[in-house]
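K.L.:
Residues per chain are reported as follows:
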Amino acid sequence: MTFNDNYNEKELDEFMKKLDKKSINVPDELEDKILGRINNIRVKRNRRYIPIKILSSCLGVLILFTVSVKVSPKFAAHASTISFLKPIVEWLNGVDKGVQTAYDNGYQKMPKVVHKEKGYTIIIDNIFMDSDRCRMTIEIKGDKIKDLLANYENPNIYLSTNCLNGNHWHSYPGMENYKYNSNSFIRDFEIRFNPVTFEQFMKSNNDKLSVFLSIKEMQSSESNDEKAIEKFDTIEIPLEKEHIKMPKKFYQGKELKFRSTNFKITDLIINPTRMNINLDVKDKPGYNFESFHNVYLKDSEGNIYAQEGLMTIFRSEGRRDKYTKGSLYFIPSIYFKDKPKDLYLCIEGLYYMKDKEKEVILNINDEYPKEKKISDQSVIFYKPTRDDNGNLVVEFDTSTDLEYLKPENKYIEGQKNFNSEEINARNRYYLGPLEGKILSRKIVGGKIIEGIEYITTKCTIQIGEKEESKFYLDGGGDYKGYLDDTKMEIKLDME
Amino acid sequence: MDELLIKQAQKGNKESFTKLMLEVKDQAYKIAYCYLHNEEDSVDAVCNAVEKAYKNIKGLRNPKYFKTWFIRIVINECKTELKIREKINNIKIELQNEQTFSNNTIQKYSIESLLSHIPETERSMIHMKYYMGYTLQEIAEILNIPVGTAKTKIYSNIKKLKSILNDKEGYCDF
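Chains Z and P, in that order, are what the protein sequence lines are.
Positions 0 to 494 (numbering that gives the first Met the number 0) are the ones given, in order, by the first sequence.
Positions 0 to 173 (numbering that gives the first Met the number 0) are the ones given, in order, by the second sequence.
Hints in this document: simulated from the structure, not taken from any laboratory.
Note that CB positions come from ideal geometry on N, CA and C, so glycine has one too.
A few of these clues could be false.
As the list claims (entries may be wrong) - With a straight-line cut-off of 30 Å between C-alpha atoms, the simulated DSSO-like cross-links for lysine-lysine are: (1) Z:Lys371 to P:Lys150; (2) P:Lys13 to Z:Lys32; (3) Z:Lys230 to Z:Lys244; (4) Z:Lys16 to P:Lys150; (5) P:Lys51 to P:Lys66; (6) Z:Lys338 to Z:Lys263; (7) P:Lys152 to Z:Lys16.
What the hints assert, rightly or not - In silico contact screen, one side only, chain P against chain Z (beta carbon under 7 Å); selected entries: (8) Glu38; (9) Glu50; (10) Lys82.
Could you build the full structure based on these sequences and the hints that come with them?
P.N.:
Put into structure tokens, the structure is as follows:
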């Protein structure tokens, strides 16, 4: 039964107009009361009344914590398994404990590269490489940097690399651990390798990694374009193969069963700078694995190896494909230590979401605003429009942590149409092949945040002649989905 | 609404926040009144909403929706007040039942009394449309429901009112 079948809108409007209605008068005192209320709102800051005893106790705890993290790797590892302490531990220890530990154990870094061009000096240093990744710090110096900072709001170093295989170049903004002062930019980069490509590289005659650097204007709220400011010639980084240590691999083949998802631990790989566990991930019908709740490695002596960075998820055919692979990374590595008697993978639960709840189909002919509820959270969609290029422009509003709109069967990588008034970075899974990809890490509001930048409350997606498109919502920020708190401790094979 | 004022308020500027509140206060009060039908409670609801808005304005993502966002806070305050009233009314009804009080012999029909038979949210939708001149689109945005739902709820209730009036024709004093 539709509305039009049963009601005559105009007739009912006329009926209502004819009725005598009491008008609502706003009382004069309302303004005074509002002003009074605003003036009386208390701001939570009153340091004068904090007793000195409390301040000194806090200071004591802080010093003890700092010293403990610095002196005891075990304490630091334990502390970094607690989510709110992890950024503090990382900050105290420097952002890559894995590389630092390898270096402390004598792992050699590659020779520094200095390249001069167009009045800039480019220094590539702290180059550490193993089968999994290459980390480096890139500094661009020169007087021109000063002008650049004066003329551009958000300049940033971008890096493209051939990732050892010479064929495919991948490009990334350098978001990780960045600093700049009046005459230099400094960025840390991490280039991820495909194990097969790495093996081929080690057997080949090639002993260089090619990188191409540029300085671009970062994404702004006004435009999604990245404006190139400076481009440099390709720089060859010589890699001393004899100093690259090969990984130690241990086949596992162990299965884990959770309410929403089954996992198979395929192998444990111990590299000099970190350890990783590769998994096959298979969601049960209707469920979607989101993340593990506290996961770490523990050896027979009780040493804890904290999870590092992102858990990466590979999905072979887009977001909805159920068969996935994933990798978990742990630091510091036991590469240089005696092999422990036992090593355990400890999982304290996982977060999952329900497929149907996440799905939203937006048709330009529907009635808007449209509300979509996920669990106890709500997202409001405004009427999608079609721009001059045939793109569907979707705007949505949410006061919740559900902030991500993923077009069906699209990788987030390269979705540069995502736009936001505030560019945020979130801790997210990377959907797509990871070879050669840079993972970002930046400091937002004092917090170190890792992830790939893609956001937000407005999205544009090419839909051609179609009038509707299917999207999936994803949690961001603190919203993680439903918790399955099943705990598991799996002994890993080390033979 | 002045987006600059909203952004300044989000940065903690009390003066800008005050200006914004004075701009929306009348509408906020009228909506509160639609729900609560009591001057004192409506003023309180608006003032409580003002306080909540001040504390949470940083979380507003899109300044464009400031007014809708604030009115929603007002409505939530009204709903809280209604829940409190409901509890009190339940107690009163129990007491009345004990006294076997009956007073349903004569009813005087007016639009206000008729509207009182409609659930609060739906009644306020009618008020918003016919008393305050909001469009269906605006009502839907404020109440966070599809336009179609707002339309159906408003007109189906008016139709009900109309049929009640027709049935009672000759007894009503419009």
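K.L.:
With reference to the structure, classify each hint as holding or not holding.
P.N.:
We went through each hint and held it up to the structure:
1. Z:Lys371 to P:Lys150: holds (19 Å)
2. P:Lys13 to Z:Lys32: holds (15 Å)
3. Z:Lys230 to Z:Lys244: Roughly 33 Å separates the two Cα atoms, so the pair is violated.
4. Z:Lys16 to P:Lys150: Cα-Cα ~17 Å, so holds.
5. P:Lys51 to P:Lys66: Roughly 14 Å separates the two Cα atoms, so the pair holds.
6. Z:Lys338 to Z:Lys263: holds (23 Å)
7. P:Lys152 to Z:Lys16: holds (18 Å)
8. Glu38: holds (6 Å)
9. Glu50: holds (6 Å)
10. Lys82: violated (18 Å)
Figure legend: structure checked against the earlier numbered hints; hints not met, in rising order: 3 and 10.
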